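In order, the protein sequence lines correspond to chains V and Y. Numbering of the first sequence is given in full-length UniProt numbering, commencing with residue 1 and proceeding in unit increments. Numbering of the second sequence is given in full-length UniProt numbering, commencing with residue 1 and proceeding in unit increments.
None of these hints come from the bench; they were simulated from the model. Quantities reported herein were computed from a predicted structural model and do not represent experimental measurements. Every residue gets a Cβ at the ideal spot worked out from N, C-alpha and C, and that includes glycine. Check the hints yourself; a few may be wrong.
To be verified - EDC-like, lysine to aspartate or glutamate: derived pairs with alpha carbons at most 16 Å apart:
hint, chain 1, residue 1, chain 2, residue 2
1, V, K223, Y, D348
2, V, K118, Y, D188
3, V, K118, Y, D183
4, V, K267, V, D122
Unchecked claim - Here are some of the chain V residues that sit facing chain Y, going by a computed Cβ distance under 7 Å:
hint, residue
5, G82
6, A120
7, V191
8, N207
Listed below, chain by chain, are the residues.
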Amino acid sequence: MKTRSQSTSRWCVIAAVVVALVAASACAARSPDGDAYPRRPIQVVVPYPAGSGIDTTTRALADVINDSGDLGQDLQIVNRDGGGGTVGTTDVLNAKPDGYTIGVVPDGPLTLVPQTEKVAYDPTSATYINEILTSPILFVVPGDSKLKTLQDLVEAAKAEPGSVTIAEGPLNYKVPADQFEQQTDVDLKHVEFEGDQATTTALLGRNVDVGVMQLASALPQLKSGKIRALGVTSADPVDLVPDVPTFASQRIDIVWQAFNVVVAPGKLPDPIEKKLTETFAEAVASDEFAEAAEKLGLIVSGATPQETDEHLTDKTKTAAGILGGGE
Amino acid sequence: MLHDLGAGFASFSDPTYLLLALAGVVLGTLVGVLPGIGPIGAMSILLGVTTQVGPTGSLILFAGIYFGSTYGGSTTSILLNIPGEASSVVTALDGNQMTKKGRSGPALTIAAVSSFVAGTLSIVGLMLFAPALSSVAVKLGPPEYMALCLAGLLLLAALSHGSTARALVMICLGLAVGTVGIDPVGGDLRFTMGSTTLAQGFSFTALVMGVFGVTEALTIVGGKRPAQAVKAPRLRELLPSRAEARRAGPAALRGSVIGFLLGLVPGPAAVLSTFASYVTEKRVSRHPERFGHGAVEGVAGPEAANNAAAGAAFIPLMVLGIPFAPTMALVLAALLLNGIVPGPTFVDDQPELFWTVIAAMYIGNLMLLVLNLPLVGLFTRLLSVPPHVMMPLIIGLCTIGVYADGNSTFDVVVMLAAGVFGFLLRSSGFSMAAFVLAVVLQPTLESSLRQTMAFSDGDPTYLLGRPVTMIILALVAAAVGGMARTSWVARRQARSLVS
Numbered sequence: 001m002k003t004r005s006q007s008t009s010r011w012c013v014i015a016a017v018v019v020a021l022v023a024a025s026a027c028a029a030r031s032p033d034g035d036a037y038p039r040r041p042i043q044v045v046v047p048y049p050a051g052s053g054i055d056t057t058t059r060a061l062a063d064v065i066n067d068s069g070d071l072g073q074d075l076q077i078v079n080r081d082g083g084g085g086t087v088g089t090t091d092v093l094n095a096k097p098d099g100y101t102i103g104v105v106p107d108g109p110l111t112l113v114p115q116t117e118k119v120a121y122d123p124t125s126a127t128y129i130n131e132i133l134t135s136p137i138l139f140v141v142p143g144d145s146k147l148k149t150l151q152d153l154v155e156a157a158k159a160e161p162g163s164v165t166i167a168e169g170p171l172n173y174k175v176p177a178d179q180f181e182q183q184t185d186v187d188l189k190h191v192e193f194e195g196d197q198a199t200t201t202a203l204l205g206r207n208v209d210v211g212v213m214q215l216a217s218a219l220p221q222l223k224s225g226k227i228r229a230l231g232v233t234s235a236d237p238v239d240l241v242p243d244v245p246t247f248a249s250q251r252i253d254i255v256w257q258a259f260n261v262v263v264a265p266g267k268l269p270d271p272i273e274k275k276l277t278e279t280f281a282e283a284v285a286s287d288e289f290a291e292a293a294e295k296l297g298l299i300v301s302g303a304t305p306q307e308t309d310e311h312l313t314d315k316t317k318t319a320a321g322i323l324g325g326g327e
Numbered sequence: 001m002l003h004d005l006g007a008g009f010a011s012f013s014d015p016t017y018l019l020l021a022l023a024g025v026v027l028g029t030l031v032g033v034l035p036g037i038g039p040i041g042a043m044s045i046l047l048g049v050t051t052q053v054g055p056t057g058s059l060i061l062f063a064g065i066y067f068g069s070t071y072g073g074s075t076t077s078i079l080l081n082i083p084g085e086a087s088s089v090v091t092a093l094d095g096n097q098m099t100k101k102g103r104s105g106p107a108l109t110i111a112a113v114s115s116f117v118a119g120t121l122s123i124v125g126l127m128l129f130a131p132a133l134s135s136v137a138v139k140l141g142p143p144e145y146m147a148l149c150l151a152g153l154l155l156l157a158a159l160s161h162g163s164t165a166r167a168l169v170m171i172c173l174g175l176a177v178g179t180v181g182i183d184p185v186g187g188d189l190r191f192t193m194g195s196t197t198l199a200q201g202f203s204f205t206a207l208v209m210g211v212f213g214v215t216e217a218l219t220i221v222g223g224k225r226p227a228q229a230v231k232a233p234r235l236r237e238l239l240p241s242r243a244e245a246r247r248a249g250p251a252a253l254r255g256s257v258i259g260f261l262l263g264l265v266p267g268p269a270a271v272l273s274t275f276a277s278y279v280t281e282k283r284v285s286r287h288p289e290r291f292g293h294g295a296v297e298g299v300a301g302p303e304a305a306n307n308a309a310a311g312a313a314f315i316p317l318m319v320l321g322i323p324f325a326p327t328m329a330l331v332l333a334a335l336l337l338n339g340i341v342p343g344p345t346f347v348d349d350q351p352e353l354f355w356t357v358i359a360a361m362y363i364g365n366l367m368l369l370v371l372n373l374p375l376v377g378l379f380t381r382l383l384s385v386p387p388h389v390m391m392p393l394i395i396g397l398c399t400i401g402v403y404a405d406g407n408s409t410f411d412v413v414v415m416l417a418a419g420v421f422g423f424l425l426r427s428s429g430f431s432m433a434a435f436v437l438a439v440v441l442q443p444t445l446e447s448s449l450r451q452t453m454a455f456s457d458g459d460p461t462y463l464l465g466r467p468v469t470m471i472i473l474a475l476v477a478a479a480v481g482g483m484a485r486t487s488w489v490a491r492r493q494a495r496s497l498v499s
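Using the sequences provided together with the hints, build the complete structure.
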């Protein structure tokens, strides 16, 4: 049964829906006068389209912050997709460092892409606010595959070199796949797919033998048994999938994850940086966000700005060995 | 199953859901009619309210927007030769010709009724066959996608009104434009000349609005074509004649089947299905020469196909948890934000949600039909707005739509440049539909071709082991061959008549 107030609020929402679309472009938010930051809504740039994984995560986090009212102003999500995340990242890192343009960015455009492409931003000049999430990477196979462990994969690949196909996508998947080949001295047939959804489709249709993807994308299929994980690249087993062994436990020395970080351009004024860091740290540590992240198959990190910086620097160094440094 | 469906309908005793469905279809029709702003833009803006309306409410709202926009997209195609979206590009071919012959009312009515028939059929298909079909659909791999894209392009070149060579030129140009920006497979930046603006590639919305909207406005301003003088039609003229209805009926049914099956395939399936339906209609017609000059089948078939594809697109999402199209990714996001993660167990885990949404689709389709038929009269009246008022308005709307789509002024520049480009080329008989389809298909064609090459190590005999690919390619060869023969025979007859 619904209460009267719930039903009334729904009606309001419906009315708001209609008004919102008509007014969206014309409406400029007014804010009360005052000196304290923030005086107007803060734009949060997400360098991927609305509906993508990182967009959904960012919206969940923005909901927590906006509902708490801690900032006194709303965070507004702006999707600037394209160029594999580099377009939006360029926008954020080259914006005015006034705290009104920040971004939630996956680490790829910060740590990996600059090593293979010429980019128009400097990841080392940015201010890191928070490392909101880590996302472990899995090697997965179709549910009825005869491969059960990473060792099975090594043996199958050695029996017929170049016959086992592996679906990989962006650089975040290429690095662990290459590391695996180097360490086990096998030769897999690489087929590049556009992303986790394309890889999942290819696995379900048995068009490819092994896939590299993030836990978040694999979780629903893992639960239903349609695909199975051979190993996870995190240092310790992941609570969400306790049965999946780490690479380390299978004597393969790969520790690798993707991060989602909150980043601001240049050097922010100290009070602004402090305000943002505190707000995000609190929201990331909240129960609401933990619940949302768990459902999405992501692991809350909440690492401090200094730690975030170190993680990114370390990752950049590891990747340089595989990707062959900048060009 | 009937019991479940009954329970689904019963949840509509809550007027909130009915109202959300209505809001969805009205908004959808609106964004479909307005050039530039499509369902993706509307859904992105509304993502913020999905947590307030709950998972069922958001699905109802988004399904309404999606179906509504496929209904509305045809309106500007038919009336103004400006497709609201890629999936109504084909509708413009014959739909706008019907308008030029004063049959805009019947064209709009046929489009609405065909959409309704196809929408309803695809929901029945979704109900009955969803699990079985999606497990077949995932079997299709890169070689099949490649064959489908090739089929789309080759058929288009063959069916193009006018010179096949010119259509091929436009297809190559479209493919070339599509490669600018990030490589869909390896992630390399291409043809960006060091510019980060070009790294995002050319916005598809900007190109479509340019080559159709701006080009149309320039054509009229340029005075190459006399502005259409139109009087408000009488009610009787809004309805199709009996002969038109008889030709449209079977076309809509064939279009529904084609759209439904292609809708299950990842990638730009809805667009492909409209082209496939058009080709089919031209093939089975006893009067293929009517096509391009206002054939009702050319409106009924493709309009049915894109609506059936819209219904079918929900199947992979609901049965596998994998969105095959950008609109479906937004539907997925709405569910995720409500804490529901669709996967292979979705229908079993959330039967109430699933059946309510099915019921919402039936109701939404009915609402759309009831809403759209009276609007036909209103829309045809739009034609009596003088061109010197209408055209600046269209360019204004296109500009807003394109800017809203990508938050980028570069996109607006691309739109204007594409408009000039379209204006210069169209008057020499180059097909803009061919250009647009090539841009849409380029990413899928490229990645599937490269994946196929990776699987096969570049050995073409690999394709012999993919029967579905071979069947698609054989059908294309037969259709292209058949069409070439028909046109050769027609040309010879014409010549013998002259001599």
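For each hint, the structure was consulted:
Restraint check: the Cα-Cα separation between K223 (chain V) and D348 (chain Y) comes to about 13 Å, which is no more than 16 Å; the hinted pair holds. A threshold of 16 Å between alpha carbons decides the hint, and for K118 (chain V) with D188 (chain Y) the separation of about 10 Å falls inside it, so the pair holds. For a cut-off of 16 Å, the pair hint linking K118 (chain V) to D183 (chain Y) stands: about 14 Å separates their Cα positions. For the hint pairing K267 (chain V) with D122 (chain V), the CA-to-CA distance comes to about 12 Å; that is within 16 Å, so the pair holds.
Residue-level restraint check for G82 (chain V) holds (minimum Cβ-Cβ distance to chain Y is 3 Å; threshold 7 Å). Interface hint at A120 (chain V): satisfied, since its Cβ lies 5 Å from the closest Cβ of chain Y, which is below the 7 Å cut-off. For V191 (chain V), the interface hint holds, the least distance from its beta-carbon to any beta-carbon of chain Y being 4 Å, beneath 7 Å. Because the closest C-beta pair between N207 (chain V) and chain Y is about 3 Å apart, less than 7 Å, the hint holds.
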